[in-house]
Every structure is written in structure tokens, then in C-alpha cells.
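Colleague: Throw the hints in and build the complete structure from the sequences for me.
Each residue of the sequence shown is one higher than the one before, starting from 1 at the first, in our numbering.
Please note that a few of the clues may not be correct.
Said to hold, decoys possible - Straight-line distance between alpha carbons at most 27 Å, and here's what the computed BS3-like set of lysine-lysine pairs gives:
hint : residue 1 : residue 2
1    : Lys-93    : Lys-115
2    : Lys-48    : Lys-3
3    : Lys-56    : Lys-115
4    : Lys-56    : Lys-3
5    : Lys-56    : Lys-196
6    : Lys-212   : Lys-3
7    : Lys-212   : Lys-48
8    : Lys-115   : Lys-196
9    : Lys-115   : Lys-48
10   : Lys-3     : Lys-93
Keep in mind that the hints were calculated from the coordinates and are not lab data.
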Amino acid sequence: MLKADLHVHTCCSIDCFTPLERIVERCLDLEISCVAIADHNIIEGALKLSEMAPFKVIVAEEVQTTAGEIMGLFLSERVPPGLSPEETIARIKDQGGLVAIPHPFGRSLLGNTNKLTSPHIMSQVDIVEAYNSRTTFTRSIARAQQLAIEHGKAASAGSDAHTASEIGRAYVEMDEFDGPERFLASLARGTIIGRKSGYTAHFASTWARIRKRVLRIPSGSQA
Numbered sequence: 001m002l003k004a005d006l007h008v009h010t011c012c013s014i015d016c017f018t019p020l021e022r023i024v025e026r027c028l029d030l031e032i033s034c035v036a037i038a039d040h041n042i043i044e045g046a047l048k049l050s051e052m053a054p055f056k057v058i059v060a061e062e063v064q065t066t067a068g069e070i071m072g073l074f075l076s077e078r079v080p081p082g083l084s085p086e087e088t089i090a091r092i093k094d095q096g097g098l099v100a101i102p103h104p105f106g107r108s109l110l111g112n113t114n115k116l117t118s119p120h121i122m123s124q125v126d127i128v129e130a131y132n133s134r135t136t137f138t139r140s141i142a143r144a145q146q147l148a149i150e151h152g153k154a155a156s157a158g159s160d161a162h163t164a165s166e167i168g169r170a171y172v173e174m175d176e177f178d179g180p181e182r183f184l185a186s187l188a189r190g191t192i193i194g195r196k197s198g199y200t201a202h203f204a205s206t207w208a209r210i211r212k213r214v215l216r217i218p219s220g221s222q223a
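Modeller: So, in C-alpha cells, the structure goes:
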């Protein structure tokens, strides 16, 4: 049985300073045996971690589209940001990857304003992130879980960790898998376990984003 945190960021992301080595250490300490590394608009960190980690690493990417963020999993090539949701989904699937909607209602207590949860987009999606530890409102988590149920999608969970201390705050207990199809089947049978990270978790990623822009640290750098 795996403990899979399916949304983790590394120092290669624009808003994170967590070294790859520290991610490995933290996962081993917590017995997290699978992670999806989903840096913003880049896959270098995921590729590097997959070579060094003694546990399963899913190469993923949190891609900024013209309508919001889409996550691709099991990628071999970077998907560029700024494309339409349809084009982004097509590029993920062309690689044999899976498509997920991360934190679909993460920042809002208002009505459904997320264009990526429309029936048109949801018909092309494989996974809904039903629990994200950085989602502030309990109601938003419940809405994400309901979205997965309504559309018959597998539900995932992830810490959305931008610091080492956040890793493992949300994960899925799931069976072993080999490849996207078996992952999806295992995920559908999995059990979500999660707790929220709290408001202060966002300060670290905001500070990292500001500092990297001021110092002009390029995306993908481990500095």
C-alpha cells in the first residue's frame, strides 16, 4: 500500500525554495512512498527527483492556461503555459498523461466561477483534486469532492507543499501501480487522508515568488 502525496512543489518552481534532497528526506521520514511533483509550468524538478528518489515519483506539471490551472501527470515533456484548456489537455493526452483539475474551488466562497469545472472541460478530465491542504475553506473542499462524484472522476489529494513541513499533510492510501491506467484504477479505490495547512503556509510561497523575481532566479534553477 502506498502513501501518495499527489501535489508537491520543488525549488525549481517559481514560488518554492525546497531543495530536492530535503523533499526526499521528508518523504522518507513520513513514509510517503509516492509523490507527484507538479511545479508551475516546468518539469525539470520532477525529472531530477525521479532520478534520485528511492520511491515513486510522478512527473507532473501545474500548467497555467487561459482559464486557470490544469495539472498533467505522467509527463515526458513540458506543456507550455498560456494555451487554451483544450489545447493544454490535448498536449497532456498526446504524451499518454492524465489530466487533473487542482484545487477547483480553492480560494472562493462564492458560486462556481471556475471555468475549468464546466461540463465541456470535465468531460476531458481524468482526476479532480478533492483535497488540497492549502485550500482555506472547508466548504471549498466539500465542493471539490462533490465535483468528482457528480462527474464520475477519480479523486486525488495533495499537500500542495511549497515547504518541506507541508509534505504529507494530504495523501491517498492506494495500491501499487505501474503506469497511468493502473494508477487511475488504484486512485479510484484509494482512501484520502488530509488536514489543512493553515493561512501561514501561503506566506512562504509568496515570499519565494517575490524573492526569485527580485533576484531574477530563472525557473528550473535549484539555487
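Colleague: Would you mind marking each hint as holding or not holding in the structure?
Modeller: Hints, one by one, checked against the model:
1. Between Lys-93 and Lys-115 the CA atoms are separated by roughly 20 Å; this keeps the pair inside 27 Å, and the hint holds.
2. A hinted pair counts as satisfied when its Cα atoms are at most 27 Å apart, and Lys-48 with Lys-3 qualifies at roughly 21 Å.
3. With a C-alpha separation of about 32 Å, the suggested pair Lys-56 and Lys-115 falls outside the 27 Å cut-off, and the hint is violated.
4. For the hint linking Lys-56 to Lys-3, the alpha-carbon distance of about 10 Å falls within 27 Å, and the restraint holds.
5. Annotation: proposed proximity of Lys-56 to Lys-196 holds, straight-line Cα distance about 24 Å (limit 27 Å).
6. The suggested pairing of Lys-212 with Lys-3 is violated, with an alpha-carbon distance near 32 Å, which exceeds 27 Å.
7. Distance check on the hinted pair: Lys-212 and Lys-48 sit about 20 Å apart at the alpha-carbon level, within 27 Å; holds.
8. Taken as a hint, the Lys-115 and Lys-196 pair is honoured in the structure, with Cα atoms around 25 Å apart against an allowance of 27 Å.
9. About 33 Å separates the Cα atoms of Lys-115 and Lys-48, which puts this hinted pair outside 27 Å; it is violated.
10. With a C-alpha separation of about 25 Å, the suggested pairing of Lys-3 with Lys-93 holds against the 27 Å cut-off.
The structure fails to meet hints 3, 6 and 9 from the earlier list, while all remaining hints are met.
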